[in-house]
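Between the sequences and the hints, there should be enough to build the whole structure, so can you do that?
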Amino acid sequence: MMRILRTTALAAALALGLPIAAHAAGEVPKPPAQNWSFGGLFGTFDRASAQRGFQVYKEVCAACHAMKQISYRNLADIGLSDAEIRAIAADVQVKDGPNDDGDMFERPGRPSDRFRSPFANEKAARAVNNGAYPVDLSLIIKARGGGADYLYALLTGYRDEPPEGVPAMDGMHWNDYFPGHWIAMGRPLNDDQVTFADGTPATTSQMARDLTTFMAWAAEPELEERRAMGVRVILFLIILAGMTYGVKRKIWADLKH
Amino acid sequence: MVGLHKSEMKNPVVRWIDERLPIPSMLNQEYAKFPTPKNFNYFWNFGALAMVNLVIMIVTGIFLAMHYTPHTSYAFDSVERIMRDVNFGWLIRYIHMNGASMFFIVVFIHIFRGLYYGSYKAPRELLWILGVVILLLMMATAFMGYVLPWGQMSFWGATVITNLFSAFPIVGESIVVWLWGGFSVDNPTLNRFFSLHYLLPFLIVGVVFLHVVALHITGSNNPLGIEPKGPQDTIPFHPYYTIKDTFGLCIYLIVFAFLVFFMPNYLGHADNYIPANPLVTPAHIVPEWYFLPFYAILRAVPDKLGGVLLMFGSILVLFVLPWLDTSPVRSMKFRPLARPFFWMFAIICVVLGYAGAMPAEGIWVTVSQVGTAYYFMYFLVILPVLGKIEKPRPLPESISAPVLRGGGPIMAGAAAKPMEKA
Ligand code: HEM
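Chains as they are written, first to last, in numbering that gives the first Met the number 0: chain R, 0 to 256; chain X, 0 to 421.
Treat the hints with caution; some may be incorrect.
[To be verified] Computed beta-carbon distance windows for the label pairs:
no.: 1; chain 1: X; residue 1: Tyr41; chain 2: R; residue 2: Glu83; range: 25 to 33 Å
no.: 2; chain 1: R; residue 1: Asp102; chain 2: X; residue 2: Phe167; range: 53 to 61 Å
no.: 3; chain 1: R; residue 1: Gly38; chain 2: X; residue 2: Tyr353; range: 26 to 34 Å
[To be verified] Residues from chain X shown here face chain R by an in silico Cβ test under 7 Å; the list is partial:
no.: 4; residue: Phe107
no.: 5; residue: Ile242
no.: 6; residue: Lys243
no.: 7; residue: Ile253
no.: 8; residue: Ala256
no.: 9; residue: Phe261
Bear in mind the hints are in silico, worked out from the structure with no lab data behind them.
Glycine included, every Cβ here is placed at the ideal spot set by N, Cα and C.
Structure representation (structure tokens):
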């Protein structure tokens, strides 16, 4: 009993408070920097990759992880058509109500619904996951110091066995990049787990890359608009600054002794 | 004196108003004609920038408040609704968020300008004190604002900082419960923080008004730290400094825009995108960057009450600075001994900030202690003593004198350069 309690507590701590482990266990390597379509100052989301990433989320991660900040309609951003979005939404049953009789009822999803959460609440999620909590992934890229590089490293950083000399831990899995290394989530991605319609081979690293692109979009859907606006605003301000400086020189010229 | 104000306004409508409510005359006097030393350098832009920044915070804050929900169950999600569903909500929020950082950058530079050029000395003591009041109000406002999005750092930052008050003997615990409105940081805390976060900026506006009134009594200091001797030393505020401030404003906006549009979360902490969870303590609770030097001072001593007193003391000491610095010479330009100590002080503040971001262990404790010691030494020992033993360089006769005379080697440079640059 004590042991279960301890594991639960640890897993719970790991699930939400990863920095605890980060410093307790120390040496987790820094995730290697990847080249992202949305990286740099002017990057934009690779739409095809984000769409494949959504497919991976839907077919794999959605079994455990919610993304409650995102609605189906938002998928238009990454290039899905209206009809596709309707079909995707209609695939799930969502709870609605109360109706005129005062009863809750299930109905097919609509584009305006949020992504359906796999569990009714945190307790239900923990109950099924050995006490660990599969976090909501809507903001995962912004909520981890390493951002996109970290998610990619996490998804590709599993080892079947812990390194030499480290005793195995019941119900936990070794990951090179998870703070503290022992993560309650089993390796979520395996080669050829999904079939991409565009023929892209579904290697683990490909899926991880696509998924990360999708998550980066989900965390910062405004990113492209923001950068585009930023370029215009800053160019405008530079011109304005130049003109203001000219006027200033002219006004101050009569003070020169 | 009763009776219509004798207006000099030309426009009949403005004149009609001015005779009855002479605000146009006042503005003309205080912002257009206002005689201003002619030798300002660009450090004199930062007061105007701070004022603009305050307005930006209030405007964006009011729009955020239209969509924000101060409830522990909804606050985090309501901020995400702002980011995702409110038209340009992401822009408003990122401006507000980075605006807080810009505000502190601007105000810190403004304060260090005052420290370097001795702007706190007579007759500007009260002006300086009002500035320190503004700093305190800003800190309270920013601290409470950071709690509002109700992320992990919001919650734990609020918990750690409010808990500091428990260090005070006897009344400490009661103060904390009173601040919280309960027995932990919870919904009542969030509610009152929102209320106060909305209120305090308007108090700041009030104190800024007094700050400016005081400024217009004494007039501005300047890089030479000597008073203008006559009209040849001053120029009207408008158009000379209005245009110079406008140019400075453009540069400030470029920096601001770069933060907002290209690295909006750079100065923040990733953990604040994790919803608050009272059951999970982040290993590493760090405040926003602008509090880090004070946080380092807080943690420099092993005793909690001692740390709290030192931290508050580090701001309170600024109130009495005008009487601690015994030197009659304002500008560090003419204080060969004090100047290196000043730069050391500036570096120490940055180092303290760095130490504040590090875990309070090992070398960082020592660094914080040495830094804290120097911080207080600077105000309590170095400045009082230097004023007595230092032999300042000769001061120029007037702001324009060295220029008109072709000038001695130091003074010509000192007075002319800022204008050349300008
Ligand atoms: C002195 C001026 C102000 C400062 C320094 C300041 C600072 C801050 C800070 C640091 C945050 C947290 C930002 C984040 O991480 O999300 C914040 C949030 C907020 N502030 Fe202010 N603020 C100021 C004025 C105002 C005013 C006048 C209002 C309302 C009228 C306001 C309304 C809000 C709201 C609703 C939030 C929560 C939304 C959010 O977190 O983005 N603020 N403020």
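Hints versus structure:
At about 55 Å, the CB distance of tyrosine 41(X) to glutamate 83(R) disagrees with the hint of 25 to 33 Å. Between aspartate 102(R) and phenylalanine 167(X) the CB atoms are about 56 Å apart, so this pair conforms to the stated range of 53 to 61 Å. At about 27 Å, the beta-carbon gap between glycine 38(R) and tyrosine 353(X) stays in the expected band of 26 to 34 Å. At about 23 Å, the closest approach between the beta carbon of phenylalanine 107(X) and any beta carbon in chain R exceeds 7 Å, and the interface hint on this residue is violated.
Given hint, isoleucine 242(X) at the interface with chain R, holds; its Cβ is 5 Å from that chain's nearest Cβ, closer than 7 Å. About 6 Å separates the beta-carbon of lysine 243(X) from the nearest beta-carbon of chain R, less than 7 Å, and the hint is met. For isoleucine 253(X), the shortest C-beta to C-beta distance to chain R is roughly 5 Å, which falls under 7 Å, so the interface hint holds. The beta carbon of alanine 256(X) comes within 5 Å of a beta carbon in chain R, closer than 7 Å, and the hint placing it at the interface holds.
With its C-beta approaching chain R no nearer than about 6 Å, phenylalanine 261(X) sits inside the 7 Å limit, and its interface hint holds.
In summary, the structure is inconsistent with hints 1 and 4 from the numbered list given earlier, while agreeing with the others.
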